[in-house]
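> Residue numbers (the numbering used here), protein chains in the order written: chain A, 1 to 254; chain B, 255 to 508.
Derived from the structure by calculation, the hints contain no laboratory data. Predicted model, so just to flag it, every value in this text is computed and none were measured. Treat the hints with care, as some may be off.
Partial pick of chain A residues on the chain B-facing surface, computed with a CB cut under 7 Å [as the list claims (entries may be wrong)]:
| # | residue |
| --- | --- |
| 1 | 86 |
| 2 | 111 |
| 3 | 129 |
| 4 | 154 |
| 5 | 171 |
| 6 | 174 |
| 7 | 208 |
Each computed DSS-like pair below joins lysine-lysine, with the alpha-carbon atoms no more than 30 Å apart [said to hold, decoys possible]:
| # | chain 1 | residue 1 | chain 2 | residue 2 |
| --- | --- | --- | --- | --- |
| 8 | A | 143 | A | 153 |
| 9 | B | 397 | A | 153 |
| 10 | B | 407 | A | 143 |
| 11 | B | 407 | A | 153 |
Ideal Cβ positions, reconstructed from N, Cα and C, are used throughout, including at glycine.
2 protein chains.
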Amino acid sequence: MNVGSVRIVGLGPGPASWITPEATAALELASDLVGYAPYLDRLAPRAGQRRHASDNRVELTRARHALTLAASGASVALVSGGDPGVFAMAAAVFEAIEQGDPAWRGLDIEVAPGITAMQAAAARLGAPLGHDFCAISLSDNLKPWEIIARRLKAAAEGDFVIALYNPASAARPTRIHDAFALLRVIKAAQTPVAFARAVGRANERIALATLANADPGLADMRTLVLIGSSQTRLVARGEGRPWLLTPRSYEPAR
Amino acid sequence: MNVGSVRIVGLGPGPASWITPEATAALELASDLVGYAPYLDRLAPRAGQRRHASDNRVELTRARHALTLAASGASVALVSGGDPGVFAMAAAVFEAIEQGDPAWRGLDIEVAPGITAMQAAAARLGAPLGHDFCAISLSDNLKPWEIIARRLKAAAEGDFVIALYNPASAARPTRIHDAFALLRVIKAAQTPVAFARAVGRANERIALATLANADPGLADMRTLVLIGSSQTRLVARGEGRPWLLTPRSYEPAR
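Chain A with its partners taken away, still in its complex shape:
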């Protein structure tokens, strides 16, 4: 019997120049592409390849669809933005397997990693992730706000650089304000902050601020917010926006 396969493929933040050859090969070899419609729209059509577009915020349904196709023998590429392993489709697939048809555990499943939003933002900014950092999703759709607040506090007390994913959406416009209010109590006023929106796309926009003067309202669902550690600082550039640097060394006296 033909064992179907699922390749969980990361497209990165947008441009083709950030899609790995592994991901490109997986997209070419697939009999079926499954993904959020705008991600599928980025990919050139290919003769004989079936497309199954789905809505946003139906990750588990989309994962089950991919697994069902694979169980019937298909070679499925399940398309994810960024890195499927980071706040994206890989977790949904293994959750679906945990809860679903036992036969799914025998499928040939692989994850093709991709460039995730904080890496794209960091590349534009200089080297803000040059030392210890953490990544936190501000979405409270699937976890209680108390957990998010606990993690923000721990990240501040540990003096990590903080990357905030899903900082705000139309349905959740206020959590980024709550997060800044919480961080402002613990971290220094002059801590550098960056809002990196749609990095790699035509409408890319980057803004620098300090924790004290930042406007959290700048963040939307396409924004990655970076908040420095006590060591993160600006390095002046000849022209234009300064670079952000979190150095490799730590100077407690700063």
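Following the hints, complete the assembly by docking chain B onto the known chain A.
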């Protein structure tokens, strides 16, 4: 006058299939390649392109060399393993600029991100980074152990998934034991742990354990150590090693 350039290029963890097209183009266009010798050895020679190989652990010297070449008009590709933005060459470059010739601030400098070790490890393991996580370097060459210990404690108290970079080297064999001792006081004994060594290379080796029974001695300088959150769990696979899953939702009652 010709303004020189530096492209800080991430080669990812090893295989060519994880090098982005952006990185490949930067390597092809460069007049000069600068990097740690084993990284340069991975790249096919190109007529007319100069190579400047350097030793390990001389990041700042290597960065200054790249900037000096660019200041004389060269198009330099400064080669980094993984993602240059994550515990790698980008921070060294901006540190060198901060301390160096003011003319360097006028150079054309860009970072080409890459797949970093924790993403490669996560792809092999399933979806361990499916929710909030942090990345900590255990090297105490450039920061005091007290800072590392503070961050490990904060990461455990915040219940993050923890990715440990540079867990051990011949010169620093013991810090990974100190880290496990510290984490065992705070985190549950059954917390899943993974040792992912040389992922993507011929000698790739992955081992799963629990925090209680893990042998920290398995980690060397080519190992990425992943330690789960309270939510991280195993998902049985039809054959072989189970997958690691950190689900998108949070169940405080677990």
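> Each hint should be assessed against the structure and marked as holding or not.
Against the structure, the hints:
Because the closest C-beta pair between residue 86 of chain A and chain B is about 5 Å apart, less than 7 Å, the hint holds. Among the interface hints, the one on residue 111 of chain A holds; its C-beta lies about 4 Å from the nearest C-beta in chain B, closer than the 7 Å criterion. Here the hint on residue 129 of chain A is kept, as its CB sits about 5 Å from the closest CB of chain B, short of 7 Å. Using the Cβ-Cβ criterion of 7 Å, the hint placing residue 154 of chain A at the interface with chain B is satisfied: the shortest such distance is roughly 3 Å.
Violation of the interface hint for residue 171 of chain A is found here, the shortest Cβ-Cβ separation to chain B being roughly 16 Å, above the 7 Å cut-off. The closest approach between the C-beta of residue 174 of chain A and any C-beta of chain B is roughly 20 Å, which is over the 7 Å cut-off, so the hint fails. Because the smallest distance between the Cβ of residue 208 of chain A and any Cβ of chain B comes to about 15 Å, over 7 Å, the interface hint for this residue is violated. Simply put, residue 143 of chain A and residue 153 of chain A have alpha-carbon atoms about 16 Å apart, close enough for the 30 Å limit, and the pair holds.
Pair hint residue 397 of chain B plus residue 153 of chain A holds up; C-alpha atoms about 22 Å apart against a cutoff of 30 Å. For the hint linking residue 407 of chain B to residue 143 of chain A, the alpha-carbon distance of about 22 Å falls within 30 Å, and the restraint holds. Taking the CA atoms of residue 407 of chain B and residue 153 of chain A, the gap is about 12 Å. The hint holds against a cut of 30 Å.
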